[in-house]
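Engineer: Residue numbers (the numbering used here), protein chains in the order written: chain A, 1 to 175; chain B, 1001 to 1250.
These aren't lab readings, by the way, just hints derived from the structure by calculation. There may be inaccurate statements among the hints.
Derived CB-CB ranges, DEER-like [as the list claims (entries may be wrong)]: (1) A:P30 with B:L1169: 48 to 58 Å; (2) A:E81 with B:L1137: 18 to 28 Å; (3) A:L154 with B:R1020: 54 to 64 Å; (4) B:L1119 with A:G147: 15 to 25 Å; (5) A:Q140 with B:A1027: 33 to 43 Å; (6) A:E81 with B:R1165: 55 to 65 Å.
The C-beta atom is built at its ideal place from N, Cα and C for all residues, glycine as well.
Chain residues, written in single-letter form:
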Amino acid sequence: MKLTAFLVAAGLAILSPAALASPLSISLNPASTNPSSPQMGDNLKFQTVIQNNGTEAVDGLIAWISLVQVDKGKEQPVDLEDWSAHKAVTASSLASGGSIKTDWPMRLIQSGNYRVIVSAATRSGQELATSPFSDFTVRQKPVVESGRVLPIALGIPVLIGAGMVLQRRRRAHKQ
Amino acid sequence: MNPIYLIARKETGELLLDIRGLLWLMAVTIVLSAFSLLLVGSTELSLLDNAQVVYDMTAIVTALGCLLALIVGVDTVAGERERGSLVPLLLTPAPRGTILMGKLSGVAIAWAVIYVLSLPYLWAVGSTGQNMGQGMLITALLGTPVVLMFGFLGISLGSRADSARTALLTGLVTLVLSASPVLLGPSLRQSAIGRMFDAVNPFSAAVNAYDAVIIDSQSIISQSTHFAIALAWLFACLWFARFSFGKITR
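Okay, chain A solo, but in the shape it has when bound (with noise of 0.2 Å):
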């Protein structure tokens, strides 16, 4: 009897949580030149530290960013294309006790609350180890001013408008 509890509890330990927990730990901070308050256009750069806090090396290490808009009624994920030109980081080994420093780059296209998260996967690893959220606001920033497109906007046709009609006055004029 105790022996079929120990075999049990020793069963449950192995496939526990914790057994299958990622060696990797990955910590993200905004970078210490960020603007204070951020808005549409600026450049802000997050801060990793991918960990192999095993006690194997891994193989194939792949880090991503991930970032999400969280405002009310706009919750969706971002497509990172023209926010960062820096999507992903790979090793092909990460030895025990070695680490990873990164910097992720973003330029920020739209105004609102966003979250940016760092993952990591490995070739055979069964979890995902995920950075820390990090949470930022983007201001609006309205881009085009109409004053400098309306006279350009409606003054080019006009002027070819006007060279038109010179050009058939002096055509009937020359007839």
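Based on the hints, put chain B in the right spot on chain A.
Structural biologist: For chain B alone, coordinates are given in the frame of chain A:
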């Protein structure tokens, strides 16, 4: 006087002084104005990042340049044939190559006019942000071979097709196919077929370089692959135009 200069001056005159040419330019500026006004009038679009707006504008300018170059290219041969003025031109002592050079110059001047007309628009929508000057420069450097390529294609089609309408329709289908990266979203372009198409398409080469330089702030020099694709197509179409123009018999 040099016949190339004379023909180029005639072609330019038809664009800048003829009512029909001015109507084309008017149409181009109306499209640019409509897009600019949309940026101001639409709440969503007015919040677009400045670099994104400049990128969109350069892509539209290039597409319009290709369209006008194609029309001018077709009209300069097939249009003249239908108006009865091509045969007298071919009967002059000027060599075919010289006549073709004059007509190619006409296409180049049409693009130069569109480019100059686009500059105030680029300034109006992009002067408050980053990379506007780089955007103007990359449009001149990479837009030029792509636009001229379509002009040369128009001359080739105009030389070979039975009518201007057939040549124009064929050219427009080619242009729409080539300019599809502007219409398709980035996700569709990430498919295997989309990537293959992007790798050989000169229009994709131009817009991808615009994206890299204007939005991602990469250097113009790093766009050598895109330049190579655009120049390869330019020289291929130049060869095709020379070959087709040399074969004209009526």
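Engineer: For every hint, state whether the structure bears it out.
Structural biologist: Now for the hints, and whether the structure bears them out:
| no. | hint | result |
| --- | --- | --- |
| 1 | A:P30 with B:L1169: 48 to 58 Å | holds (56 Å) |
| 2 | A:E81 with B:L1137: 18 to 28 Å | holds (23 Å) |
| 3 | A:L154 with B:R1020: 54 to 64 Å | violated (24 Å) |
| 4 | B:L1119 with A:G147: 15 to 25 Å | holds (18 Å) |
| 5 | A:Q140 with B:A1027: 33 to 43 Å | holds (35 Å) |
| 6 | A:E81 with B:R1165: 55 to 65 Å | violated (40 Å) |
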